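Asks: Spelled out from the first residue to the last, the chains are:
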Amino acid sequence: SSAGYDRHITIFSPEGRLYQVEYAFKAISNSGITTVGVRGQDSVVIVTQKKIPVYPSTVTHIFQLTPYVGCVMTGLIADARAQVTRARQEAADYRYKFGYEISTDMLAKRVANINQVYTQHAAMRPLGVSMILIGYDEERGPQLFKCDPAGYYVGYKATAAGAKQQESLNHLEKKLKKDPDLNFEDTVELAINTLSSVLAADFKATEIEVAIVTREDPKFRTLSVAEIETHLQRIVEKD
Amino acid sequence: MSDRYSFSLTTFSPSGKLVQIEYALNAVAQGVTSIGIKATNGIVIATEKKTASPLIDDSSLEKVANVCPNIGIVYSGMGPDFRVLLTKARKSAQKYKRIYNEYPPTGILVKEVASVMQEFTQSGGVRPFGVSLLIAGYDETGPALYQVDPSGSYWAWKASAIGKNMVNAKTFLEKRYNDDMEIEDAVHTSILTLKEGFEGQMTENSIEIGIIGGDATGFTEGKQQPLFRKLTPSEVKDYLANIA
Numbered sequence: 001s002s003a004g005y006d007r008h009i010t011i012f013s014p015e016g017r018l019y020q021v022e023y024a025f026k027a028i029s030n031s032g033i034t035t036v037g038v039r040g041q042d043s044v045v046i047v048t049q050k051k052i053p054v055y056p057s058t059v060t061h062i063f064q065l066t067p068y069v070g071c072v073m074t075g076l077i078a079d080a081r082a083q084v085t086r087a088r089q090e091a092a093d094y095r096y097k098f099g100y101e102i103s104t105d106m107l108a109k110r111v112a113n114i115n116q117v118y119t120q121h122a123a124m125r126p127l128g129v130s131m132i133l134i135g136y137d138e139e140r141g142p143q144l145f146k147c148d149p150a151g152y153y154v155g156y157k158a159t160a161a162g163a164k165q166q167e168s169l170n171h172l173e174k175k176l177k178k179d180p181d182l183n184f185e186d187t188v189e190l191a192i193n194t195l196s197s198v199l200a201a202d203f204k205a206t207e208i209e210v211a212i213v214t215r216e217d218p219k220f221r222t223l224s225v226a227e228i229e230t231h232l233q234r235i236v237e238k239d
Numbered sequence: 001m002s003d004r005y006s007f008s009l010t011t012f013s014p015s016g017k018l019v020q021i022e023y024a025l026n027a028v029a030q031g032v033t034s035i036g037i038k039a040t041n042g043i044v045i046a047t048e049k050k051t052a053s054p055l056i057d058d059s060s061l062e063k064v065a066n067v068c069p070n071i072g073i074v075y076s077g078m079g080p081d082f083r084v085l086l087t088k089a090r091k092s093a094q095k096y097k098r099i100y101n102e103y104p105p106t107g108i109l110v111k112e113v114a115s116v117m118q119e120f121t122q123s124g125g126v127r128p129f130g131v132s133l134l135i136a137g138y139d140e141t142g143p144a145l146y147q148v149d150p151s152g153s154y155w156a157w158k159a160s161a162i163g164k165n166m167v168n169a170k171t172f173l174e175k176r177y178n179d180d181m182e183i184e185d186a187v188h189t190s191i192l193t194l195k196e197g198f199e200g201q202m203t204e205n206s207i208e209i210g211i212i213g214g215d216a217t218g219f220t221e222g223k224q225q226p227l228f229r230k231l232t233p234s235e236v237k238d239y240l241a242n243i244a
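Quick note, the sequences are listed as chains V and S, same order. For the first sequence, the UniProt record's numbering assigns the number 1 to the initial residue and increments by one for each residue that follows. For the second sequence, the UniProt record's numbering assigns the number 1 to the initial residue and increments by one for each residue that follows.
Be aware that one or more of the hints could be misleading.
As the list claims (entries may be wrong) - Partial list, derived from the structure: chain V residues whose beta carbon lies under 7 Å from chain S:
id	residue
1	His8
2	Ile11
3	Phe12
4	Gly16
5	His121
6	Ala122
7	Ala123
8	Gly155
9	Lys157
10	Ala158
What the hints assert, rightly or not - DSSO-like mimics (lysine-lysine), calculated; alpha carbons at most 27 Å apart, straight line:
id	chain 1	residue 1	chain 2	residue 2
11	S	Lys175	S	Lys164
12	S	Lys95	V	Lys109
13	V	Lys97	S	Lys95
14	V	Lys26	V	Lys174
15	V	Lys109	S	Lys91
16	V	Lys177	S	Lys49
I should point out that these hints are in silico values taken from the structure, not numbers from a laboratory. The structure presented is a predicted model; accordingly, all values stated were derived computationally and were not measured. Beta carbons: idealized from backbone N, C-alpha and C, even for Gly.
Let the sequences and hints guide you as you build the complete structure.
Replies: This is the structure:
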């Protein structure tokens with residue numbers, strides 16, 4: 001039972017819930033795309049659908065935040081650009097202040113702390129986006145984090161966001177139940193297969209976007225269509 | 001560009017209640033249970049680490065945290081709100097140290113954190129924090145355990161529980177607690193108390209325990225003194241084996 005403005009701004013409802021935050025989550029599932037991230041032994045991979053007819057190169061949900069940390073955004077694309085811009089700013093400030101690049105977990109924490117502020121101050125609404133960050137840390141190895149509108153963030157072995165989030169998570173839980181050691185190819189395969197399986201579709205290389213960081217090459221980069229094609233081919237041949 | 005509301009969102013209802021604070025307490029009551037127990041020679045604080053999915057890397061989540069070498073903290077309620085208070089508590093401890101060249105006594109630190117929480121029940125355009133805190137510290141007067149609520153009120157406890165199972169846990173603690181408990185017994189009791197409301201299997205990775213005093217000492221600031229630290233998973237495993 002709502003007692004006034006609790007559905008319009010981020011104040012508590014009688015049950016102790018924040019409706020605006022919950023509605024922000026709904027905006028993410030209504031976005032129409034699903035994104036998946038998987039962390040392997042020495043690499044991290046993020047995959048997302050690419051659903052556009054024209055000017056493909058400008059329509060992307062994958063963004064680079066620093067030379068070594070990148071992200072995939074799910075939800076309202078305008079809010080996504082705002083959060084990416086802010087995250088890039090925070091990372092750059094860190095580099096300037098401290099003299100070394102920010103790590104994935106610290107950047108995730110910074111983004112999450114900013115999201116928390118929006119859940120507590122009525123003047124600003126929570127953003128309708130989920131940010132999945134990946135990076136390769138010298139000391140901690142491959143890292144995968146997700147930040148959501150509630151201001152929550154945590155590290156993952158694998159995660160998903162968007163329309164088919166729950167189905168993807170179920171699929172990933174099953175596949176990672178035995179805690180397998182995934183090499184780079186297996187990691188990419190698991191990520192792509194999860195997306196194929198929950199969307200019941202076989203992708204062409206132009207229909208998905210993939211980005212990676214690996215131990216050999218810790219710089220964040222997106223795969224070209226040709227590289228995606230190679231991975232898809234390998235997956236098909238395996239069957 | 002005015003990005004602040006100039007009026008408070010937490011206002012009195014006709015019956016004289018501050019309903020936003022009551023709702024915040026409801027949010028805390030939905031959170032996972034946390035326990036704190038004061039012993040003669042130290043304090044234990046503990047909580048369940050309930051992750052929503054086996055895909056989560058639980059080493060990235062820290063619920064029992066240290067504020068400064070002699071003070072530790074745990075929460076029940078909204079994780080993101082806790083992060084804010086933890087940062088403020090840590091900054092406050094460092095500010096105190098800059099002035100007095102020693103870390104704050106527990107009561108002083110608690111007062112600062114509580115005062116922040118109270119501000120958010122009265123300032124313009126903000127909501128109260130959806131967390132209750134258990135703050136454990138060891139200072140010149142000995143061990144002290146405090147609970148702070150979303151309203152900003154705080155009390156010292158001998159033993160307390162917050163979160164989902166707090167009523168049953170407190171009843172359990174009332175029966176089990178005695179003033180002569182030492183820290184080993186207190187750890188043991190806190191695990192038993194958590195077990196009462198625990199859903200699923202309790203393992204060394206699904207609970208977090210922090211202690212100060214007793215064995216938890218260290219050399220810092222030029223002398224050997226009680227230091228807050230978290231139990232390692234293998235230490236927790238040993239305790240769990242003893243209650244089986």
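Asks: Under 7 Å is the threshold here; is the Cβ of V:Ala158 close enough to any Cβ of chain S for the hint to stand?
Replies: 5 Å, holds
Asks: Have a go at the V:Gly155 hint: is there a Cβ in chain S nearer than 7 Å to its own Cβ?
Replies: 3 Å, holds
Asks: When you check the alpha-carbon spacing of V:Lys26 and V:Lys174, does it fall within 27 Å?
Replies: OK: V:Lys26 and V:Lys174 at ~25 Å, within 27 Å.
Asks: Does the closest beta carbon of chain S sit nearer than 7 Å to the beta carbon of V:Gly16?
Replies: 3 Å, holds
Asks: Could you check if V:His8 really has its C-beta closer than 7 Å to a C-beta on chain S?
Replies: V:His8 check fails; min Cβ-Cβ to chain S is 11 Å, beyond 7 Å.
Asks: For the pair supplied as a hint, S:Lys95 and V:Lys109, is the alpha-carbon distance within the 27 Å limit?
Replies: Roughly 23 Å between the alpha carbons, so the hint for S:Lys95 and V:Lys109 holds.
Asks: Does the nearest C-beta of chain S fall within a distance shorter than 7 Å of the C-beta of V:Lys157?
Replies: 5 Å, holds
Asks: Decide if the proposed pair is consistent with the structure: S:Lys175 and S:Lys164, CA atoms, cutoff 27 Å inclusive.
Replies: 19 Å, holds
Asks: Answer holds if the nearest beta-carbon of chain S is closer than 7 Å to that of V:Ala122; otherwise answer violated.
Replies: 4 Å, holds
Asks: Mind checking the alpha carbons of V:Lys97 and S:Lys95 for me, to see if they're no more than 27 Å apart?
Replies: Answer holds: V:Lys97 to S:Lys95 is near 21 Å, not above 27 Å.
Asks: Hint V:Ile11 vs chain S: min CB-CB distance below 7 Å?
Replies: This hint holds: V:Ile11 lies near chain S, its Cβ roughly 5 Å from the closest one there, short of 7 Å.
Asks: Hint check: is the beta carbon of V:His121 less than 7 Å from a beta carbon of chain S?
Replies: 5 Å, holds
In summary, the structure is inconsistent with hint 1 from the numbered list given earlier, while agreeing with all the others.
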